[in-house]
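S.K.: Kindly generate the complete structure, drawing on both the sequences and the hints.
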Amino acid sequence: MQRTDTAPKPVSMPKLSRETIVNIVVMAILLAVPLWASSIGEDYYVNLASLITIFAIAGVGLNFAIGQGGMVSFGHAAFFGIGGYTTGIAAFHNFEETLFMSMPFAVSGTNQMLIIWIVAMAVCGIAALAIGAISLRTEGVYFIMITLAFAQMIYYFAISWPAYGGEDGLSIYLRNELPVVDAESALTFFLVCFILLLGVIFATARLSGSRFGAALGTAHMNGTRLATSGIDPFPIKLTGFVISAMITGLAGALFAELNGFTGPSMLSWQRSGEIMVFVILGGVGRLCGPAIGAAVFVLLETYIGEWTEHWQLLLGLALLGVVLFARGGVMGMIAGSARHD
Amino acid sequence: MTKPVLEVKDLYKSFGALQAVKNVSLDLRPKEIHALIGPNGAGKSTLAGQISGWITPDSGSICLDGEDVTSETVAGRSRKGLGRSFQVSSLAMEVSARRNVMLSVQASQGSSFRFWKQTRSDEELCETAGNWLGKVGLGGREDIAVSKLSHGERRQVEVACALALKPKALLLDEPMAGLGPTGSVQLTEFLEEIRPEIPILLIEHDMDAVFRLADRITVLVGGAAILSGSVDEIRTSSLVRKAYLGEEA
Ligand SMILES: Nc1ncnc2c1ncn2[C@@H]1O[C@H](COP(=O)(O)OP(=O)(O)OP(=O)(O)O)[C@@H](O)[C@H]1O
Ligand SMILES: [Mg+2]
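Chains G and H supply the protein sequences, listed in that same order. If you count the first sequence from 1, position 230 lands on 230 in my numbering, and the numbers rise without skipping. If you count the second sequence from 1, position 211 lands on 211 in my numbering, and the numbers rise without skipping.
Treat the hints as calculated values from the structure; they're not laboratory data. Wrong hints could be hidden among the right ones.
Listed next, the in silico DSS-like pairs over lysine-lysine satisfying Cα-Cα at most 30 Å (straight line) [as the list claims (entries may be wrong)]:
1. H/80 <-> H/168
2. H/148 <-> G/15
3. H/9 <-> H/168
4. H/117 <-> G/15
Ranges between beta-carbon positions, derived for each pair [said to hold, decoys possible]:
5. G/139 <-> H/22: 29 to 37 Å
6. G/139 <-> H/134: 32 to 40 Å
7. H/226 <-> G/206: 51 to 59 Å
8. G/28 <-> H/193: 55 to 63 Å
9. G/17 <-> H/226: 57 to 65 Å
Where a beta carbon is used, it is the ideal one built from N, C-alpha and C, also for glycine.
M.R.: Next up, the structure:
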């Protein structure tokens, strides 16, 4: 440690907050379990971890809208589904060797995940721009209902679109490809999802701490203050909504890859509810909250669902407990309430 | 005569059958403090709301620095140089005083569409905000959550937020309320200090402060500006005594 000034300065190690420690532990477990499972040849658990990771990404997207921007969207399944359908449609045309469209320019399918992700996020961004531009003129319960209504419209549109499977959805016969690595391998695919999860968590953390994040946070806390400071709330919130939708859309694209299938169920309002459950269970506005929420959800569904189809009752109780006794979700119970500076 | 910084012409506003603001015209010239007084419910805050853009006037116009801003948004008016504080303070309560002021500083520096650099480690932003808080007398209290500050201190934070916009005109709605005697003396001195640079439209019930600070006073009663004049004119006016000061005495 080098000191240039004469006055003795206390050398302070940046102290890890309790939440940071929890975050590290959660991520370490999420990484370690599939590594171990893969080493003993149990791909089932690897895929389970992939599912948790993908749901966590979807939750990180919604968490940015709810936690940072105060936009309680009950329609994020729309973006999850659009991401899924982008994957499905790209793979379908690639498989059939047909064109998605020929006018005004020809667009074919593809089996390249990187391209699919970019397209999925772009399409979600555009959809969110349109949905947000209308929905964000309302607040509170009306915002919840109008986002739900938009998602339902897209759901029914997908059902009544026979070219892409209608009610039956679309199968993706071969997993799409990534450069260099073999995405067919369960572990590789998990690692890709895991890195993307870390990426979106990091990105949303940076965004929240930026000038844009400060404005978005103030739009949530006190819109009057934001406007009085000379910043129009609407474009700030709309941008936040679009970013949130793009992240959830990426999760949708991965979900379709994992299942080798995309269908209207990805767009259903129950799905919107589930994504919201990840966020609320884990802790609204907490960086790794959605990962915890998704893990609790998937594990309950998998293990309790094995004994009884009434596992949702337990989920309901867990939610009730979290909402009544721990407003900060599971993260709030472990690490205390969120800190602001 | 010098060109007014803020010019309000023939403003009207009704809430249903209630005429809250009736044909009010007033202006604010450079280097002056123009006080707006009147009994409770006179329409002072409604007028302030119309000037800052929260309330759409039924008719009339508002000019800021020679530009008609009647159809501007609240944020637009703030950017064009109107700083204001509210009667009931309106701050982001969960975060620190500094954070609140930082937002104004960032707005005055341009676009908020900057996504990567962390505000926390933006020393210039943090320090500028801290300096404004120091100027309004909140040095040492910068990093306390607004929810933990007293009502008086919250007012000071609001004034710091308004100043950080580097406004051309300030609109302060009862900034002295809740400050206590020493607090209001301090704020009075401070407003005196900034007057040469930033003219102030001051809504205030504290008559000592008004008489000490104001260059001109406009009296609002029942939504109408019944009188406008110098401190002495207002002090001696029988009309004002009857309509307003009488209630106080
Ligand atoms: N949004 C509203 N809807 C209906 N009436 C309103 C509204 N806002 C204000 N009023 C009424 O308009 C009148 C003027 O209110 P205003 O708040 O402007 O008075 P004021 O002069 O600021 O009073 P005070 O000194 O108490 O702050 C009051 O009678 C009030 O009840
Ligand atoms: Mg008032």
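S.K.: Quick check: does the Cβ-Cβ distance between residue 139 of chain G and residue 134 of chain H fall within 32 to 40 Å?
M.R.: For residue 139 of chain G and residue 134 of chain H the Cβ distance comes to about 36 Å; the hint holds.
S.K.: Indicate whether the distance between the beta carbons of residue 139 of chain G and residue 22 of chain H respects the range 29 to 37 Å.
M.R.: holds (32 Å)
S.K.: Is 57 to 65 Å respected by the C-beta to C-beta distance linking residue 17 of chain G and residue 226 of chain H?
M.R.: Holds: the Cβ-Cβ distance is about 59 Å, inside 57 to 65 Å.
S.K.: Has the hinted range 55 to 63 Å been met by the Cβ atoms of residue 28 of chain G and residue 193 of chain H?
M.R.: holds (56 Å)
S.K.: Run the distance test for residue 117 of chain H versus residue 15 of chain G: straight-line Cα separation, threshold 30 Å.
M.R.: With a Cα-Cα distance of about 22 Å, the restraint between residue 117 of chain H and residue 15 of chain G holds, given a limit of 30 Å.
S.K.: Taken at face value, is the distance from the CA of residue 15 of chain G to the CA of residue 148 of chain H at most 30 Å?
M.R.: This hinted pair holds, its Cα atoms lying about 25 Å apart.
S.K.: Is residue 80 of chain H within 30 Å of residue 168 of chain H, Cα to Cα?
M.R.: Holds - the C-alpha atoms of residue 168 of chain H and residue 80 of chain H are around 8 Å apart, at most 30 Å.
S.K.: Holds or violated: residue 9 of chain H with residue 168 of chain H, Cα cutoff 30 Å?
M.R.: holds (19 Å)
S.K.: Regarding residue 226 of chain H and residue 206 of chain G, is the given constraint of 51 to 59 Å on their beta-carbon distance met?
M.R.: holds (56 Å)
When the structure is compared with the earlier hints, no violation turns up for any of them.
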